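Let's have the full structure, built from the sequences with the hints guiding it.
There are 2 protein chains.
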Amino acid sequence: MTTASVILAHPYEKSFNHAIFQRCIESLKRLGCRVYAHDLYAEGFDPVMPRSELGKMETTDPLVRRYAAEMLESSLLVYVHPNWWGHPPAMMTGYIDRIFRPPYAYDYDEAKEGDPGTGKLGGKVGIVFNTGNTAADREEERFHDPLETEWTNCLFGFCGMARSDRRLFRIVADSTKEQRELWLDEVEATLRSHAVSL
Amino acid sequence: MTTASVILAHPYEKSFNHAIFQRCIESLKRLGCRVYAHDLYAEGFDPVMPRSELGKMETTDPLVRRYAAEMLESSLLVYVHPNWWGHPPAMMTGYIDRIFRPPYAYDYDEAKEGDPGTGKLGGKVGIVFNTGNTAADREEERFHDPLETEWTNCLFGFCGMARSDRRLFRIVADSTKEQRELWLDEVEATLRSHAVSL
Chain A
0 MTTASVILAH PYEKSFNHAI FQRCIESLKR LGCRVYAHDL YAEGFDPVMP RSELGKMETT
60 DPLVRRYAAE MLESSLLVYV HPNWWGHPPA MMTGYIDRIF RPPYAYDYDE AKEGDPGTGK
120 LGGKVGIVFN TGNTAADREE ERFHDPLETE WTNCLFGFCG MARSDRRLFR IVADSTKEQR
180 ELWLDEVEAT LRSHAVSL
Chain B
0 MTTASVILAH PYEKSFNHAI FQRCIESLKR LGCRVYAHDL YAEGFDPVMP RSELGKMETT
60 DPLVRRYAAE MLESSLLVYV HPNWWGHPPA MMTGYIDRIF RPPYAYDYDE AKEGDPGTGK
120 LGGKVGIVFN TGNTAADREE ERFHDPLETE WTNCLFGFCG MARSDRRLFR IVADSTKEQR
180 ELWLDEVEAT LRSHAVSL
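Quick mapping for you: the protein sequence lines, in order, are chains A and B. Following numbering that gives the first Met the number 0, the numbering of the first sequence begins with 0 at its first residue and continues without gaps. Following numbering that gives the first Met the number 0, the numbering of the second sequence begins with 0 at its first residue and continues without gaps.
Derived from the structure by calculation, the hints contain no laboratory data. No experiment lies behind these values; they were computed from the predicted model shown. Check each hint, because a few of them may be wrong.
Pairs count within a copy or across copies, as identical chains cannot be separated in the list.
Claimed, not checked - With a straight-line cut-off of 20 Å between C-alpha atoms, the simulated SDA-like cross-links for lysine to any residue are:
| hint | residue 1 | residue 2 |
| --- | --- | --- |
| 1 | K176 | F15 |
| 2 | K55 | E12 |
| 3 | K55 | P10 |
| 4 | K55 | E109 |
| 5 | K55 | F15 |
| 6 | K55 | I170 |
| 7 | K13 | H37 |
| 8 | K13 | K55 |
| 9 | K176 | T151 |
| 10 | K119 | D164 |
| 11 | K111 | A134 |
| 12 | K176 | A18 |
| 13 | K13 | R65 |
| 14 | K176 | L197 |
| 15 | K55 | V171 |
| 16 | K111 | N132 |
| 17 | K13 | M56 |
| 18 | K13 | E52 |
| 19 | K119 | W84 |
| 20 | K55 | D108 |
| 21 | K13 | D38 |
| 22 | K111 | T175 |
| 23 | K55 | Y105 |
| 24 | K176 | G113 |
| 25 | K176 | E72 |
Structural data, given as structure tokens:
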């Protein structure tokens, strides 16, 4: 049985991000996956990395331990959040800072000077669903879509995940109900195409 | 008298980021500026944007009010933080999410459908000091330095700031004391070059 983790960061429980999150859970269950799902706002996750987590020291935060263990157990890692200024909301950047760290997502040898680290998420598939309110041409020409760089090159690439996918749904603020339904179908189709090959 | 704001996000009070922050404060005072300075970790800032701040509603958080008022009062805005995965630490992304919002950093007309907003930081100068542990060639070729895009194009550009500057000091982990002293001198020189023309 394939195990999947779905992580959401959005402050409003009626947001389109929440609809995507729910659709992810339903789709993955329909595909026969075991699903871990976390709404970081609802669970009161603390995104502030404390000084004690700067190096390789194990965390004492039970939520961080749980999220990290589930990430390592899952083959499919799904992240849902809006694009705010080219970064994820602090709730998700803090998730990244605290979960994508040694010894979970990668590790390095303290005895080897300058060891850049070795990814520990090899074989997993990473999927990101983002929402935005900036037109595509403006996003790509002026802002260069920094979230694509961050997730695909920095995070997934560095941690050894060879396969990843990302969808940026826009412009959500102006969208019709029909458009949003089509986007949710795209969410399900994206998950299906990856889950069947795991 | 020129007013400047300096904002820091780093969890370790003996970090090089703290040394940069201190040098900013000293340099700006030597230049005769009035200085507002905030160590977000030390002040216990909450980086999680609540649902009530999604639109244009005024915040009820006294720290957010204070930081926003000081930003608007300052001609020189200085941000100090490490590069973590191509984004600022959650403490700084949350500062951005909660302070760079309407009606402070920009505003939009709710009556005009699709109004992208008008920047309210025109005339100010934005300066960013970042630290990193990734070699320059790897950062630029593989990761495309998303922090440059985020600060310069997304934030400063959108909010109407025509002039900005950014220094990324690297590789801090391997640096000598002499190198770090030179970097701190560069911090002071950068601030001086902008402050004299304000």
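To see whether the hints hold, each was checked on the structure:
1. K176 x F15: within (10 Å within a copy, 50 Å between copies)
2. K55 x E12: Only across copies: K55 and E12 sit 18 Å apart there, 35 Å inside one copy, limit 20 Å.
3. K55 x P10: between (31 Å within a copy, 15 Å between copies)
4. K55 x E109: within (9 Å within a copy, 47 Å between copies)
5. K55 x F15: between (36 Å within a copy, 19 Å between copies)
6. K55 x I170: Result: close only across copies, 19 Å inter versus 40 Å intra.
7. K13 x H37: Answer is within: at 16 Å inside a copy they meet the 20 Å cutoff, but 34 Å across does not.
8. K13 x K55: For K13 and K55, the Cα distance is within 20 Å only across copies (18 Å; inside one copy 38 Å).
9. K176 x T151: Classified as neither; 30 Å inside a copy, 35 Å across copies.
10. K119 x D164: within (19 Å within a copy, 36 Å between copies)
11. K111 x A134: Close across copies (17 Å), not inside one copy (46 Å); limit 20 Å.
12. K176 x A18: within (12 Å within a copy, 52 Å between copies)
13. K13 x R65: For K13 and R65, neither the intra-copy (26 Å) nor the inter-copy (30 Å) Cα distance is at most 20 Å.
14. K176 x L197: neither (32 Å within a copy, 50 Å between copies)
15. K55 x V171: between (39 Å within a copy, 18 Å between copies)
16. K111 x N132: Intra 45 Å, inter 15 Å, cutoff 20 Å: inter-copy only.
17. K13 x M56: Cα proximity of K13 and M56: across copies only (18 Å, versus 37 Å in one copy).
18. K13 x E52: This pair counts as between: shortest inter-copy Cα distance 15 Å, intra-copy 33 Å.
19. K119 x W84: Classified as between; 16 Å across copies, 29 Å inside a copy.
20. K55 x D108: within (10 Å within a copy, 48 Å between copies)
21. K13 x D38: Intra 13 Å, inter 34 Å, cutoff 20 Å: intra-copy only.
22. K111 x T175: The answer is between: 18 Å across copies meets 20 Å, while 55 Å in one copy does not.
23. K55 x Y105: Answer is within: at 10 Å inside a copy they meet the 20 Å cutoff, but 40 Å across does not.
24. K176 x G113: Answer is between; shortest inter-copy Cα gap is 17 Å, intra-copy 51 Å.
25. K176 x E72: neither (36 Å within a copy, 42 Å between copies)
In summary, the numbered hints that this structure violates are 9, 13, 14, 25.
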